[in-house]
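Number of protein chains: 4
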Amino acid sequence: MEKQVLHIDCPDEKGLVYRITEVLYRHGLNIVSNQEFVDTTTDHFVMRTAFEGEETPNGVLEDLRTSLPNEADIRHAEIGDRSIVIMATKEPHCLGDLLLRYSNGEIPADVQAVISNHDNLRSLSEAFDVPFHAISHEKIDRKTHEAKVEEVLEQYQPDYIVLAKYMRIFSSDFVDRYKDKIINIHHSFLPAFIGANPYQQAFERGVKIIGATAHFVTDDLDEGPIIAQDVMPVNHSYTAEEMASAGRDVEKTVLAKAVKLLLEERIFIHNGRTIVFE
Amino acid sequence: MEKQVLHIDCPDEKGLVYRITEVLYRHGLNIVSNQEFVDTTTDHFVMRTAFEGEETPNGVLEDLRTSLPNEADIRHAEIGDRSIVIMATKEPHCLGDLLLRYSNGEIPADVQAVISNHDNLRSLSEAFDVPFHAISHEKIDRKTHEAKVEEVLEQYQPDYIVLAKYMRIFSSDFVDRYKDKIINIHHSFLPAFIGANPYQQAFERGVKIIGATAHFVTDDLDEGPIIAQDVMPVNHSYTAEEMASAGRDVEKTVLAKAVKLLLEERIFIHNGRTIVFE
Amino acid sequence: MEKQVLHIDCPDEKGLVYRITEVLYRHGLNIVSNQEFVDTTTDHFVMRTAFEGEETPNGVLEDLRTSLPNEADIRHAEIGDRSIVIMATKEPHCLGDLLLRYSNGEIPADVQAVISNHDNLRSLSEAFDVPFHAISHEKIDRKTHEAKVEEVLEQYQPDYIVLAKYMRIFSSDFVDRYKDKIINIHHSFLPAFIGANPYQQAFERGVKIIGATAHFVTDDLDEGPIIAQDVMPVNHSYTAEEMASAGRDVEKTVLAKAVKLLLEERIFIHNGRTIVFE
Amino acid sequence: MEKQVLHIDCPDEKGLVYRITEVLYRHGLNIVSNQEFVDTTTDHFVMRTAFEGEETPNGVLEDLRTSLPNEADIRHAEIGDRSIVIMATKEPHCLGDLLLRYSNGEIPADVQAVISNHDNLRSLSEAFDVPFHAISHEKIDRKTHEAKVEEVLEQYQPDYIVLAKYMRIFSSDFVDRYKDKIINIHHSFLPAFIGANPYQQAFERGVKIIGATAHFVTDDLDEGPIIAQDVMPVNHSYTAEEMASAGRDVEKTVLAKAVKLLLEERIFIHNGRTIVFE
Numbered sequence: 001m002e003k004q005v006l007h008i009d010c011p012d013e014k015g016l017v018y019r020i021t022e023v024l025y026r027h028g029l030n031i032v033s034n035q036e037f038v039d040t041t042t043d044h045f046v047m048r049t050a051f052e053g054e055e056t057p058n059g060v061l062e063d064l065r066t067s068l069p070n071e072a073d074i075r076h077a078e079i080g081d082r083s084i085v086i087m088a089t090k091e092p093h094c095l096g097d098l099l100l101r102y103s104n105g106e107i108p109a110d111v112q113a114v115i116s117n118h119d120n121l122r123s124l125s126e127a128f129d130v131p132f133h134a135i136s137h138e139k140i141d142r143k144t145h146e147a148k149v150e151e152v153l154e155q156y157q158p159d160y161i162v163l164a165k166y167m168r169i170f171s172s173d174f175v176d177r178y179k180d181k182i183i184n185i186h187h188s189f190l191p192a193f194i195g196a197n198p199y200q201q202a203f204e205r206g207v208k209i210i211g212a213t214a215h216f217v218t219d220d221l222d223e224g225p226i227i228a229q230d231v232m233p234v235n236h237s238y239t240a241e242e243m244a245s246a247g248r249d250v251e252k253t254v255l256a257k258a259v260k261l262l263l264e265e266r267i268f269i270h271n272g273r274t275i276v277f278e
Numbered sequence: 001m002e003k004q005v006l007h008i009d010c011p012d013e014k015g016l017v018y019r020i021t022e023v024l025y026r027h028g029l030n031i032v033s034n035q036e037f038v039d040t041t042t043d044h045f046v047m048r049t050a051f052e053g054e055e056t057p058n059g060v061l062e063d064l065r066t067s068l069p070n071e072a073d074i075r076h077a078e079i080g081d082r083s084i085v086i087m088a089t090k091e092p093h094c095l096g097d098l099l100l101r102y103s104n105g106e107i108p109a110d111v112q113a114v115i116s117n118h119d120n121l122r123s124l125s126e127a128f129d130v131p132f133h134a135i136s137h138e139k140i141d142r143k144t145h146e147a148k149v150e151e152v153l154e155q156y157q158p159d160y161i162v163l164a165k166y167m168r169i170f171s172s173d174f175v176d177r178y179k180d181k182i183i184n185i186h187h188s189f190l191p192a193f194i195g196a197n198p199y200q201q202a203f204e205r206g207v208k209i210i211g212a213t214a215h216f217v218t219d220d221l222d223e224g225p226i227i228a229q230d231v232m233p234v235n236h237s238y239t240a241e242e243m244a245s246a247g248r249d250v251e252k253t254v255l256a257k258a259v260k261l262l263l264e265e266r267i268f269i270h271n272g273r274t275i276v277f278e
Numbered sequence: 001m002e003k004q005v006l007h008i009d010c011p012d013e014k015g016l017v018y019r020i021t022e023v024l025y026r027h028g029l030n031i032v033s034n035q036e037f038v039d040t041t042t043d044h045f046v047m048r049t050a051f052e053g054e055e056t057p058n059g060v061l062e063d064l065r066t067s068l069p070n071e072a073d074i075r076h077a078e079i080g081d082r083s084i085v086i087m088a089t090k091e092p093h094c095l096g097d098l099l100l101r102y103s104n105g106e107i108p109a110d111v112q113a114v115i116s117n118h119d120n121l122r123s124l125s126e127a128f129d130v131p132f133h134a135i136s137h138e139k140i141d142r143k144t145h146e147a148k149v150e151e152v153l154e155q156y157q158p159d160y161i162v163l164a165k166y167m168r169i170f171s172s173d174f175v176d177r178y179k180d181k182i183i184n185i186h187h188s189f190l191p192a193f194i195g196a197n198p199y200q201q202a203f204e205r206g207v208k209i210i211g212a213t214a215h216f217v218t219d220d221l222d223e224g225p226i227i228a229q230d231v232m233p234v235n236h237s238y239t240a241e242e243m244a245s246a247g248r249d250v251e252k253t254v255l256a257k258a259v260k261l262l263l264e265e266r267i268f269i270h271n272g273r274t275i276v277f278e
Numbered sequence: 001m002e003k004q005v006l007h008i009d010c011p012d013e014k015g016l017v018y019r020i021t022e023v024l025y026r027h028g029l030n031i032v033s034n035q036e037f038v039d040t041t042t043d044h045f046v047m048r049t050a051f052e053g054e055e056t057p058n059g060v061l062e063d064l065r066t067s068l069p070n071e072a073d074i075r076h077a078e079i080g081d082r083s084i085v086i087m088a089t090k091e092p093h094c095l096g097d098l099l100l101r102y103s104n105g106e107i108p109a110d111v112q113a114v115i116s117n118h119d120n121l122r123s124l125s126e127a128f129d130v131p132f133h134a135i136s137h138e139k140i141d142r143k144t145h146e147a148k149v150e151e152v153l154e155q156y157q158p159d160y161i162v163l164a165k166y167m168r169i170f171s172s173d174f175v176d177r178y179k180d181k182i183i184n185i186h187h188s189f190l191p192a193f194i195g196a197n198p199y200q201q202a203f204e205r206g207v208k209i210i211g212a213t214a215h216f217v218t219d220d221l222d223e224g225p226i227i228a229q230d231v232m233p234v235n236h237s238y239t240a241e242e243m244a245s246a247g248r249d250v251e252k253t254v255l256a257k258a259v260k261l262l263l264e265e266r267i268f269i270h271n272g273r274t275i276v277f278e
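Residue numbers (UniProt numbering), protein chains in the order written: chain A, 1 to 278; chain B, 1 to 278; chain C, 1 to 278; chain D, 1 to 278.
Hint data in this document are derived by calculation from the structure and do not stem from the laboratory.
Please read all numbers here as calculations on a predicted model, not as lab measurements.
A couple of the hints might just be wrong.
What the hints assert, rightly or not - No farther apart than 25 Å at their CA atoms in a straight line, the calculated lysine to any residue pairs in the SDA-like style are these:
{"hint": "1", "chain 1": "B", "residue 1": "Lys14", "chain 2": "C", "residue 2": "Asn30"}
{"hint": "2", "chain 1": "C", "residue 1": "Lys257", "chain 2": "C", "residue 2": "Lys143"}
{"hint": "3", "chain 1": "D", "residue 1": "Lys14", "chain 2": "A", "residue 2": "Val175"}
{"hint": "4", "chain 1": "A", "residue 1": "Lys3", "chain 2": "D", "residue 2": "Gln35"}
{"hint": "5", "chain 1": "A", "residue 1": "Lys90", "chain 2": "C", "residue 2": "Glu13"}
{"hint": "6", "chain 1": "D", "residue 1": "Lys260", "chain 2": "B", "residue 2": "Asn104"}
{"hint": "7", "chain 1": "B", "residue 1": "Lys260", "chain 2": "D", "residue 2": "Tyr238"}
{"hint": "8", "chain 1": "B", "residue 1": "Lys3", "chain 2": "D", "residue 2": "Ala246"}
{"hint": "9", "chain 1": "B", "residue 1": "Lys3", "chain 2": "C", "residue 2": "Glu13"}
{"hint": "10", "chain 1": "D", "residue 1": "Lys257", "chain 2": "B", "residue 2": "Asp249"}
Stated by the list, open to error - Listing some non-contacts, in silico: residues in chain B with all C-beta distances to chain A over 12 Å:
{"hint": "11", "residue": "Glu13"}
{"hint": "12", "residue": "Leu68"}
{"hint": "13", "residue": "Ile74"}
{"hint": "14", "residue": "Gly80"}
{"hint": "15", "residue": "Glu91"}
{"hint": "16", "residue": "Ile107"}
{"hint": "17", "residue": "Ser123"}
{"hint": "18", "residue": "Thr144"}
{"hint": "19", "residue": "Arg177"}
{"hint": "20", "residue": "Ala214"}
{"hint": "21", "residue": "Ser245"}
{"hint": "22", "residue": "Asn271"}
{"hint": "23", "residue": "Glu278"}
Stated by the list, open to error - Calculated Cβ distances over 12 Å to all of chain C for the following chain A residues:
{"hint": "24", "residue": "Ile135"}
{"hint": "25", "residue": "Glu150"}
{"hint": "26", "residue": "Lys260"}
{"hint": "27", "residue": "Asn271"}
Here a beta-carbon is modelled for each residue, glycine too, at the ideal position from N, C-alpha and C.
Let's have the full structure, built from the sequences with the hints guiding it.
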């Protein structure tokens, strides 16, 4: 697995790859993989570089900043060193799959805690030795509830928050505070069948495919930048509940994929879309 | 390939399969395959039975009518004996794929003609020895145009009409006249990205999957009963045009599948949904 | 979910469906779904019928035996009433996924126990309250080991045995004793890359697809009747270990599907192949 | 579409990307996309760089050769400027699909001619205005037949030869002469079901998936480096012929994909495997 990763994000201009790789070469770093993309509709450049070495030599980031345009956003991450908190409501399929993968060593992060607005997922979390926090939303307003959630998040300071079927909507304030740090899994297809009972809608419409979308959370409900999508075939013999069950299988697969991409720092967000370097 | 096929469609009640197979047995028919489905939300029964024999013995349909409830809709079809007219506008990918399959013996029907509102697909159709009719919609109103189309259709009397990227909308009158006989292929996902430039919308939204849906044509634009759907993965490096190109590949695959299902009489329509016996 | 299911398996002849449904009708049973298939290469008939009712009226099986050819094999199953024992070795991905589904109510059976030849999966099993039996194969011969396994199986009397990455080969005697009752999940494609280190072989060959096959266990190693197969795309950037990791994801999906088909009694075995009524 | 492309292939060492992009920057070239891969099992580096500009300035290749290790293999290609000859035997599905795509502008190459050892595909080729050469293999030995094929190939000097269901085996001499220039489509899975009647074998084995593999042609029959693979689900109700028909659909899709990758110069061959930059 790659360990040291650089994320560079800046307006496109000639020679960017040359200037970046020159700095890395000068510091004696061996590049393991390089991925770049130029969004030609906005003339924007993004690059993900993984290089060998236990740590990044001093001065690399500084030299990159000197060498690149002022607007450049340069980030460094150590893969395997990430941390997440998972939030869920009552459904165990996505949470359980993530915890299983975590216990199998397939999640390159520390799963610090599970937060839920109900208590029924406690035994599942604790079976995998992950601390569980039930923060009920009942009888309190959204602001108070979010404050309690934030209190727990403050305690862990996770790099990312993974919504594994967390069924409550965050306020703009909350979303802003964790900008580009919260990902969600959404049944069915975005932007189709928005609203209540999507599987009932899908059933009534007689769809032949059921899907799921993992996306970043923004103020636009279920409309943040898409990270991953997949589908599963269904047919007329599926009841609405069986479609939902098929949907749960896609959801857990797509969310697991998105979490992996996120924790390996393979995702850039630009102009409302993601660039995903698989 | 199956040849003699019965379609039975009626309110569910006990003993339907028994009564149907009793009639077939009494007439000495050998059933090759039987497929039934009960829509339990509406208590409705559909059954497709294929049996051996060059022709259906006299009296079978009559005896079935006697044996089954009055409301039963009983249809008989001879597979391989069907006929279609294909309608297209300017894009050759779906039409070409159907013509190729036709010439390879993979379409169990006579492709009687191609009708287009433009002339550019003439050489493609004629290369496969299929008569081509250009009926321009320019400078005439929709009613007049449809009358001209109907005139050609009358000449061929096709069992089905396949819209292979025909980009004009039919009037309610036209659709009514060919109820349950017209199928269409629609880019992207129904009901998502309805409107102009769906691939541009998909590109801007950064979707990771492109799809196509084949459906019956009803008055609700692009909302008729779904026959088949499929998808293809795309990513950030696809331009809107490349997404459209990927989309064309899915479109042709899905339409070909729907045409095959249609001509093998594997589709029932009930309550706005299809039952497809694959 | 369907509850009462009949499996009928016999040489094909005219009127079988009629005779079967006549008996059911006579006993006042309401058929929920019927699926039949005739293997025309061997003139063999199989049928799966699900009907409503908490229990099967007395005499139905007897009357079917009277009505059908002597060679007919007629079985009755109550879905939801099944029981399984899972066997595994050291890898947790398939076992964990099955246990999760079991705890979510998605496995229509009682998971009675987990048997392993190692001890490391004990905490996973016990986290889901499933008894765990470690039966080491070390320092004893295969016959003795199998006798110990059988002793535990005798105690549970499961309907089926699911090998969820159980890495030991059974003797012919063992396989015979549980004929058509053991299913297995196999990496990669059958019959491709048989032998040691299949993912290393797949990597060296530069395959672009990784698959898994669920099958019944017979004397022919990894060659029993296939139940389900699926694949996942891979590419040049995958190491052998990453291919194996992708493979694990397919394995768990395919095994879960096969287990569901098995427990819903949707599988027939005839002439070395399966007929799967999905 | 990209136009100017560089392929660089050499033993890995520090600073390769830096040295390459330095040369391009010095010559004022704007990189559109860069893709690199290091095969860490052999310490080998490959890079594909697409840059803007109608032509490559003089001296770029020379400067790259100076800047890079002696062993480096540096190739330049102009996309859209490629040419191919298609070879087929009797089956029209792959050839027809390629010709349709060619006529739709979806093949970035000049399809110069079709060569077959039979005459039945003549009208299909000529319908798309592509010259057709029937070179019968009957009553002559392989050497003589290949000499005749080479004579026609010499006349066209294609960049690549696409075997679209060409059912004859080439001699080592022929393969050597067109090393890394011939691609083939193979039914079923490599290396599974090698031998005669693969679909019959697949049918008898009761497979649930049918696949196709596009690969470079080497001396090892059907064992050259894999370019692309895909599958299609099948089930017990498919006859061997229906499996073959499903297989034809996968074959044409996979071959079309491989041809596009080839003509856009997205494929490297190293150590018997391909690196495909999609």
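These are the hints, each one checked on the structure:
Distance hint between lysine 14(B) and asparagine 30(C) is fulfilled; the C-alpha atoms sit about 6 Å from each other, no more than 25 Å. Our distance criterion of 25 Å between C-alpha atoms is broken by lysine 257(C) and lysine 143(C), whose separation comes to about 32 Å. In summary, the hint linking lysine 14(D) to valine 175(A) is not supported, as the alpha carbons are separated by about 42 Å, beyond the 25 Å threshold. For the proposed pair lysine 3(A) and glutamine 35(D), the alpha carbon gap of about 20 Å is at most 25 Å, so the pair holds.
With a C-alpha separation of about 52 Å, the suggested pair lysine 90(A) and glutamate 13(C) falls outside the 25 Å cut-off, and the hint is violated. For the hint pairing lysine 260(D) with asparagine 104(B), the CA-to-CA distance comes to about 24 Å; that is within 25 Å, so the pair holds. For the given pair, lysine 260(B) sits about 15 Å from tyrosine 238(D) by alpha-carbon distance, which is consistent with the 25 Å threshold. Distance check on the hinted pair: lysine 3(B) and alanine 246(D) sit about 20 Å apart at the alpha-carbon level, within 25 Å; holds.
A hinted pair counts as satisfied when its Cα atoms are at most 25 Å apart, and lysine 3(B) with glutamate 13(C) qualifies at roughly 19 Å. This hinted pair checks out: lysine 257(D) and aspartate 249(B) have alpha carbons roughly 11 Å apart, not beyond 25 Å. Listed as outside the interface, glutamate 13(B) is consistent with that label: its C-beta sits roughly 20 Å from the nearest C-beta of chain A, beyond the 12 Å cut-off. The beta carbon of leucine 68(B) sits about 22 Å from the closest Cβ of chain A, which is more than 12 Å, so the claim that it is off the interface holds.
Once the 12 Å rule is applied to beta carbons, isoleucine 74(B) is consistent with being away from chain A; the minimum gap is 20 Å. Every CB of chain A lies more than 12 Å from the CB of glycine 80(B), the least distance being 25 Å, so the non-interface label holds. Every Cβ of chain A is farther than 12 Å from the Cβ of glutamate 91(B); the closest lies at roughly 23 Å, confirming the non-interface assignment. Non-interface status of isoleucine 107(B) relative to chain A is upheld: no Cβ of that chain comes within 12 Å, the nearest being about 21 Å off.
Against chain A, the non-interface label of serine 123(B) holds: every CB pair exceeds 12 Å, the least being about 35 Å. At roughly 34 Å from the closest C-beta of chain A, the C-beta of threonine 144(B) stays outside 12 Å, upholding its exclusion from the interface. Consistency note on arginine 177(B): stated as away from chain A, and its beta-carbon is indeed over 12 Å from all of that chain's, at 24 Å minimum. Not every C-beta of chain A lies more than 12 Å from that of alanine 214(B), the closest at about 9 Å, which undercuts listing it as non-interface.
Every CB of chain A is more than 12 Å from the CB of serine 245(B) (nearest about 17 Å), matching its label as outside the interface. For asparagine 271(B), the shortest C-beta to C-beta distance to chain A comes to about 8 Å, within the 12 Å cut-off, and the non-interface label is violated. The non-interface label for glutamate 278(B) is inconsistent with chain A: the shortest C-beta to C-beta separation is roughly 8 Å, within 12 Å. Distance check on isoleucine 135(A): its Cβ is at least 23 Å (rounded) from any Cβ of chain C, clearing the 12 Å threshold; non-interface status holds.
Against the 12 Å criterion, glutamate 150(A) stays outside the reach of chain C, whose nearest CB is about 30 Å from its own CB. Here lysine 260(A) does not stay apart from chain C, with its beta-carbon only about 10 Å from theirs, under the 12 Å limit. The beta carbon of asparagine 271(A) sits about 26 Å from the closest Cβ of chain C, which is more than 12 Å, so the claim that it is off the interface holds.
Hint compliance for this structure: hints 2, 3, 5, 20, 22, 23, 26 are broken, all remaining hints hold.
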